[in-house]
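Q: Spelled out from the first residue to the last, the chains are:
Number of protein chains: 2
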Amino acid sequence: MKKNLLSLLAICLVQTGAFAQGGIRNIAPVNFSKVTINDAFWKPRIDQVATVTIPVCIEQTEVKTPRIQNFEIMAGLKKGEFKGLFYDDSDVYKALEAIAYSIKNKPSPELEKKADQWIDIIAKAQQPDGYLNTYYTLQFPEKRWTDMSMHEDYNGGHLIEAAVAYYEATGKRKLLDVSIKFADHFASLFGPGKQHWVTGHQELELALVKLYKTTNNKKYLDLADWLLEERGHKLAKGYTWTDWKDTAYAQDVVPVKLQKEITGHAVRAMYMYTGAADVAALKGDEAYMGAMKNVWEDVVYRNMYITGGIGSSGRNEGFSKDYDLPNEHAYCETCASVGMVFWNQRMSSMTGDSKYVDVLERSLYNGALDGLSLSGDRFFYGNPLASRGQHQRSEWFGTACCPANISRLIASLGNYVYAQSGNGVWVNLYIGSQTNLNTPNGNLPLEMKTNYPWEGKVDLTVNPAKATNATLHLRIPGWVQGEPVPGDLYRFSDKTPSKFTLKLNGKAVPYKMERGYAVIDRKWKKGDRLELDFPMEVKKVVAKDSLTYNQNRIALQRGPLVYCVEGVDNGKEAWNMVVPVDTRFEATFNQQLLNGVVALKAEVPVISVSADGLSTVTQRKTITAIPYYSWANRGKSPMQVWLPTKINGILLNYNQ
Amino acid sequence: MKKNLLSLLAICLVQTGAFAQGGIRNIAPVNFSKVTINDAFWKPRIDQVATVTIPVCIEQTEVKTPRIQNFEIMAGLKKGEFKGLFYDDSDVYKALEAIAYSIKNKPSPELEKKADQWIDIIAKAQQPDGYLNTYYTLQFPEKRWTDMSMHEDYNGGHLIEAAVAYYEATGKRKLLDVSIKFADHFASLFGPGKQHWVTGHQELELALVKLYKTTNNKKYLDLADWLLEERGHKLAKGYTWTDWKDTAYAQDVVPVKLQKEITGHAVRAMYMYTGAADVAALKGDEAYMGAMKNVWEDVVYRNMYITGGIGSSGRNEGFSKDYDLPNEHAYCETCASVGMVFWNQRMSSMTGDSKYVDVLERSLYNGALDGLSLSGDRFFYGNPLASRGQHQRSEWFGTACCPANISRLIASLGNYVYAQSGNGVWVNLYIGSQTNLNTPNGNLPLEMKTNYPWEGKVDLTVNPAKATNATLHLRIPGWVQGEPVPGDLYRFSDKTPSKFTLKLNGKAVPYKMERGYAVIDRKWKKGDRLELDFPMEVKKVVAKDSLTYNQNRIALQRGPLVYCVEGVDNGKEAWNMVVPVDTRFEATFNQQLLNGVVALKAEVPVISVSADGLSTVTQRKTITAIPYYSWANRGKSPMQVWLPTKINGILLNYNQ
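Protein chains in written order, with the working numbering: chain A, 1 to 656; chain B, 1 to 656.
It is worth saying that the hints were derived from the structure and are not from the lab.
No residue lacks a Cβ here, since even glycine has one placed at the ideal position from N, Cα and C.
It is possible that part of the hints are untrue.
[Stated by the list, open to error] Residues from chain B that face chain A, not an exhaustive set, calculated with beta carbons under 10 angstroms:
1) E59
2) V63
3) N327
4) N552
5) V578
6) Q592
7) N595
8) A602
9) V604
10) P605
11) G649
12) L652
13) N653
14) Y654
[What the hints assert, rightly or not] Computed list of lysine-lysine pairs in PhoX-like fashion (alpha-carbon distance at most 25 angstroms, straight line):
15) B:K194 <-> B:K283
16) A:K572 <-> B:K646
17) B:K572 <-> A:K646
Using the sequences and the accompanying hints, generate a full structural model.
A: Written out as structure tokens, the structure is:
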């Protein structure tokens, strides 16, 4: 009993970020439920996810595909046979998770009713012993838990995530109890002294940590840790991870704590490291931390696109070799960018280093956001950085992980704005919002106003009822400090840091820089107003020589946004222009364009074809660049992120 | 006994092509051992295979890789463990087969000694019950014959082909006896009333037919037939054809006799249809014939490259969907083109229709020949029709099917020149050579002189000791008759047939056209001299609209040769030129170029880059095209077969 109380206390302290274990900090993100977003950029998207994207997920899950039907058959509510793929259950759970966040943001009796209805079916579908999987139960009940690659545990992980989210959003326990029963069933079969289990698609680890945090039952944390420790010992021998028969695919070559290099399937990797970071933070396990720092550097220094997208190869939906980052054939799965947001948030929490948030912001505003159309009902599974016009967002996918994943990320965006550790407060993302933090010295209401990412001005009002000591950390983005990303994979053609200003109540205020944050430690008074101003220059990004695909090319970045040139704005072409490094771009907000974006314009040499089709002409023309996330919203059109600075090759009528 | 005699008689009759069964003709190819090739184009290649390519295969098989070593270990001559891949044995057998043909062409005590040495090892390695497979025996002897996808029978098929070839070349029975023992072992386990077996990689069928023809033991023919009949009944269920888990991959979806569409792995398909044609011819089975005609049309009308290459997709080393024939990403495995030669020869034998030889010739001179470097020691596994300079021939491959396959084809090229059925004589390929045919009316010596494919003149002297009746069929190639290929996949921009001439002893001679052959039925006298003259015009090939990759493009063909433009002849570029359909090309033989080729030259608009790299200029320049088979012999360089007729798209610095 004493032990339980102590561990409960430890959890509370950890969750408030009051102490760090073993050199690992615990800067707890402020939960989205405490953050009210009213941002001009994000609020419409969050609303649209609630009113458009989630209804699309519901319709696809329930009407257009038999995902819910499989549960209904299993629950005895319908007759029929299993249809679909062995991991389809997970899409139901992820949609539920998105609904949970969304109704917490803004109540919706309709969505809540739908969720309750689904949850009733799911609960009825669960087997008496806690097992829950429509694919096996309806087809091969005797074969359950015989093939580690078949996502039974992956589906279970998403069940847990949905259950925790729905419990936190509504206080309703039904799905949570289902998920606990599933987790206990899993734990009855697998764990120390029981059978081995190496998850074929990591996910259950991070879910078990959430279940631990919700139930305070440490066995789930230990089980998550055990699952991570199972990897890299050839315990999965005899099983087929995938058609690729490759243990690197599922990060199962060496134990997680000894991993140094990123390999294999990108989403598997992101979910695993997110789970490992959670375990590391809660257990103070520096071995995990050390491994993850190495792997993170391998990702960011050698294997990440300028969009924050990862996993360049469609062959394995993941990583190939270092510096192999083709643009048109970039895979860059939306889910992998969502996973980058998850993992980098954990790395940030454990270190207080803004470089992780720099990467998080890059993946969020570019690689991940590109996965969702401006209309909210079309999706990219892969997010290429160049197109000859062949790409188009889809209504849905056979493997439909991405739509619900981007939905749940946007619906829970509040999780990534603020963080807290004791009386330390971190402002990580600049998103118009309000929150009210409980610090050891009293409540600290914060209100942020900004037109970010279009403008660099941020107003932060601190409104304590009484003067309150707190150490405020304001992230100064890497792109302000002259570095697009940590490492040397990409650099700005002009490395000079931008001159940002930071004022308190109208006057320059002293601050110190700590791990990328401007830190102000003071007694805050009601109405204290901080003004940050980041110059929004158009920066030219140059890639390291090893990135052969980007040689003699630049990418454009303004604020956190990476830009691209799309044919629809440029006489249907995007591959016929030369943009010397010193080209001056003009940035103008245009409310009529793509729901309102800052577009970039410049006059550059453009090659076009003579009327007879037998020669080319070069003319200076004005080209327009738009934010990368907003391309492919106006029909099929060619696109490029990396633009040539001079011509060193011409291909006429290229068609591979 | 009576039955055996009758079947023996039937075989003899069939082999001499004296009669046709069930509407299927049996026009027997004249065996290469009866054809002496002294052709300016082919003779140096046949010699080079003997002196360069086969020694490369030997060195790779024996010294640089452990292929022979695996046999030595199994024979108890060395200690060690199996190394390599489960189908590596087949490369040893294919090399032996190439050696057999080669020493029959031109004795080589050295090569024969090496072959005898290998054969001794192989014989020692054979298990007492006839089983022969180093992969299983050295590693999992208890698992043999448990997985149909593991090429035990494929390896066995190549053992038989090598054994038959070596027996025919040398009269030595040792390897033949090994192969009979293997075949009998297989037959003891599988066949009607025994276990099922669906070969995972077809090859054993055609090999068993060869074994039947050599031994006159009909059980091998029946076993080949049975193996074909095993397919398409879901008998392979539970086995994994490949990582693709796809029965279409191994042509196992419907029974062979019901197949209408080409699917899956191209080499598997070619070997299967070759075996099916052999069985059809020998058994007069029109069901096979009907199926193959449909499949052949599906290949040639919808799925074949202008080079005669097939299997556009690297994903399955085979066919994708109709009309999906990308150029740069063409897979077009060398072995698949070799298989096209095999299969089309059989189709020609069964029909007497020259369209099959048209396709054979196309695959031989283009898709297959491209697999071998001019130096004889470098190989293409895939043969793309466009390159941005990334392709290069290799010294060898992990999966090394292609080098020995192209070797054995060239070493046995004599098989494809003449064919015979009673007193009917077919001249299929125009290759300088001599032969002496036994006809029912007496011996008929033939001597062909030509500088084909560079020139269209063919001199054919008929030299019977006494005047002899015979019906001579001279193939008038489709490209002479105004059609690059049967069907409408490709057509010449000018469909007018070329005006060829045919003279006998200096005077025009009457002939009738039959299935693409000029037929002359007469009593031939000693010294009768036929002169054929095909105009060698440069023809422009246009693709059907469905071939989207080739729209607004032409390919160049002269004689049977498809041409390409390679950067090394054209200022390092091959993608910067426009070639209007009416461009006039000049054809000139150049002995200094690529061991002697006819190159094509024309003046066309060429786009190049200004000195500052910021604009393009269009100038008329002379471009040079070379035979497709000869590209990639002078370092890495861009290349295109299909050239744009007008510009409708520009990509600067394209790099996917």
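Q: List, from low to high, the hint numbers that the structure doesn't satisfy.
A: 1, 2, 6, 7, 8
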